[in-house]
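Chemist: One letter stands for each residue in the lines below.
There are 2 protein chains.
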Amino acid sequence: METITVNLGDRSYSVITGEGAVDQTAARLKNLRIGSDAYIITNAVVEKLYGKRLRSILKRAGFGVRVKVVPDSERSKSMKTAFDVIRDLASSDINKRTFVIAFGGGVIGDCAGFVAAVYKRGIPLVHIPTTLLAQVDSSVGGKTAIDLPEGKNLVGAFYQPRIVISDIAFLPSLPLRQVRAGCAEIIKYAAISDAGLFSFLEQNAAAILSADREALVHVVNRCIRIKAKIVEKDEREEKGLRTILNFGHTVGHAIETVTKYTVYTHGEAIAFGMLAAAEISVASGMLDKGDCARLRSLIADFALPVRAKNLDLDKLIAAQYRDKKFSGSRNRFVVLKAIGTAVVTEDVPLQILRKALRTIL
Amino acid sequence: METITVNLGDRSYSVITGEGAVDQTAARLKNLRIGSDAYIITNAVVEKLYGKRLRSILKRAGFGVRVKVVPDSERSKSMKTAFDVIRDLASSDINKRTFVIAFGGGVIGDCAGFVAAVYKRGIPLVHIPTTLLAQVDSSVGGKTAIDLPEGKNLVGAFYQPRIVISDIAFLPSLPLRQVRAGCAEIIKYAAISDAGLFSFLEQNAAAILSADREALVHVVNRCIRIKAKIVEKDEREEKGLRTILNFGHTVGHAIETVTKYTVYTHGEAIAFGMLAAAEISVASGMLDKGDCARLRSLIADFALPVRAKNLDLDKLIAAQYRDKKFSGSRNRFVVLKAIGTAVVTEDVPLQILRKALRTIL
Chain A
5 METITVNLGD RSYSVITGEG AVDQTAARLK NLRIGSDAYI ITNAVVEKLY GKRLRSILKR
65 AGFGVRVKVV PDSERSKSMK TAFDVIRDLA SSDINKRTFV IAFGGGVIGD CAGFVAAVYK
125 RGIPLVHIPT TLLAQVDSSV GGKTAIDLPE GKNLVGAFYQ PRIVISDIAF LPSLPLRQVR
185 AGCAEIIKYA AISDAGLFSF LEQNAAAILS ADREALVHVV NRCIRIKAKI VEKDEREEKG
245 LRTILNFGHT VGHAIETVTK YTVYTHGEAI AFGMLAAAEI SVASGMLDKG DCARLRSLIA
305 DFALPVRAKN LDLDKLIAAQ YRDKKFSGSR NRFVVLKAIG TAVVTEDVPL QILRKALRTI
365 L
Chain B
5 METITVNLGD RSYSVITGEG AVDQTAARLK NLRIGSDAYI ITNAVVEKLY GKRLRSILKR
65 AGFGVRVKVV PDSERSKSMK TAFDVIRDLA SSDINKRTFV IAFGGGVIGD CAGFVAAVYK
125 RGIPLVHIPT TLLAQVDSSV GGKTAIDLPE GKNLVGAFYQ PRIVISDIAF LPSLPLRQVR
185 AGCAEIIKYA AISDAGLFSF LEQNAAAILS ADREALVHVV NRCIRIKAKI VEKDEREEKG
245 LRTILNFGHT VGHAIETVTK YTVYTHGEAI AFGMLAAAEI SVASGMLDKG DCARLRSLIA
305 DFALPVRAKN LDLDKLIAAQ YRDKKFSGSR NRFVVLKAIG TAVVTEDVPL QILRKALRTI
365 L
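Sequences listed follow chains A and B, in order. Just so you know, we're using this note's numbering here: the first sequence kicks off at 5 and counts up by one. Just so you know, we're using this note's numbering here: the second sequence kicks off at 5 and counts up by one.
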């Protein structure tokens, strides 16, 4: 097992990784004096597979436990679900010191994180991510969000967890499509800041897709370290540093919005987005064609789709202009200068944008 | 005019007070580079009296302006209203750099503050408080909140404004009952930390109630300074210092919840709460009976009610135990040691609590 610290002053916390990390949950929470009662937010699949184990770990240590199962889809990030959960939490939180455990993937983490951030102006939050995507990306860094009909992640807060417990023992039960979705975020980390990891992925795609223990531990720890370093420098995405983590996400979110979250996984959507951003990088004279081809080839190695079907180019562009990372009427994209080096650029000409999008449609 | 700074590191901001402060709005916002488009959240009364003036100040300076009128009552702090506002904001916020102006009293400030805090994980917020209560208390310090059926202010965030513009020229149009409500918070500041202000209030109750300009400027500035100092030391109410600002609020919130916000103003409710807390202080041997009598007499001088009618003692106690400031099953009250000195106490015996509550029922 390994402990990676996210250094954020009085909001610092540990990410515990490796096999069996979840068994340490109760002892860690006791040490943090985090409260008396766990309010576990999860989905039906995770509850069925691992719910009993987590409850028993907590109960044996004397914690009160209440479980709230929410739908297993982006629907759980609606304002309706968020407020249903908050009201359920409020109705149960009497004479207790309650903390929230987000037990599931990225959707659960976003929704539970938002609930913990705003209930009583913030109660302690624990992430126990059970998907590869949540372990390498969304459980670390404090972004929480729910969606509006007007766009993805439009409501939220920066709210750091008190601890993240990232046990790779959860991963073998993950459907292959979900593993691939996590791999898209891993490719993102490699592309924006770690050429060594990029090469590792090129050489070990098959091992990772088959949930090889050693390969997974390596990439999970590496991604968490990259994210921790970036978040430490720009926690609230105010300095333009954290923005590079959105590589592929502007187009990706637009695809998710336009397809109402029903056609592509988040990972698939950002795979398209990374390809589009790489094409923008090439067309803007920043990236070598060969590097763009390497990215395309790596995405294909992980059996992630490289062409989205039945999408309207104009709708996609309109959806992007709602992106909360855009400033005023200026568009803003994370582009690559090389494999392992990303920068933020503004005012990409519409012509270049359209041409880049056509390569993924 | 006067500028009071709230020193909170990179979240520091100015409170501009005095007559005519609102005329400086556009220039101040330009200096802050706060955005291009104002989204004004207000109520029908304020909009009718002062809406045109504020819009014209902003438009003349080149700001885009959109106005959202919400109901003039605690109903505006419902999750339904908050999300209606957020969706309206999202639908209008395309190709803009929008900031929120909370233009009204405490309810508007709480609701608009929450909207600004969570929309896109936080956009700039400006408070232009138009009631005495909002000017002396709720516009400063960064507390935002909406209510749940389960209790008042159960959802919210700590979110500081970028500037507060507190123009006493708004106050003469305020109904007398609203002036009194503000006076309850002013009495609170005096009771918990400023014996000199307490004496001033004893001598100038009539002048303040008749909106005497000089008296108002004195008390508004004094209260803002007190609040700024306390918030600077304990922004997120984690160190037990900011907690004293809740003097009278535990019982007060319970009264508001039990009467569904329809019988008493917030100020009236906390007047009862301060009396109950003073009685607890006396019964616990902390406060002199004479000081308790002075507080009772000052509250009566401001024609605030000293007895609530038709309230059930047990319901009131049950509502208090939902208070988010309670820790586990321990109750927690702000009590007085003297006029001008408050401390936090826990585990007040139920017998003392019941006896204290009976004095206001």
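None of these hints come from the bench; they were simulated from the model. Be a bit skeptical, because a hint or two may be false.
Mimicking BS3-like on lysine-lysine, the simulated pairs with C-alpha atoms at most 25 Å apart in a straight line are [stated by the list, open to error]:
no., chain 1, residue 1, chain 2, residue 2
1, A, K328, B, K72
2, B, K124, A, K233
3, B, K264, A, K328
4, B, K264, A, K124
Chemist: Run the distance test for K328(A) versus K72(B): straight-line Cα separation, threshold 25 Å.
Modeler: Measuring from Cα to Cα gives roughly 21 Å; hence the hint holds.
Chemist: Holds or violated: K264(B) with K328(A), Cα cutoff 25 Å?
Modeler: Not satisfied, since the Cα-Cα distance of roughly 37 Å exceeds 25 Å.
Chemist: Has the given pair, K264(B) with K124(A), been kept, meaning a C-alpha gap of at most 25 Å?
Modeler: The given pair, whose Cα atoms are some 19 Å apart, holds under the 25 Å limit.
Chemist: Going straight from one Cα to the other, do K124(B) and K233(A) come out at no more than 25 Å?
Modeler: OK: K124(B) and K233(A) at ~23 Å, within 25 Å.
Comparing the model with each numbered hint stated earlier shows that hint 3 is the single one that does not hold.
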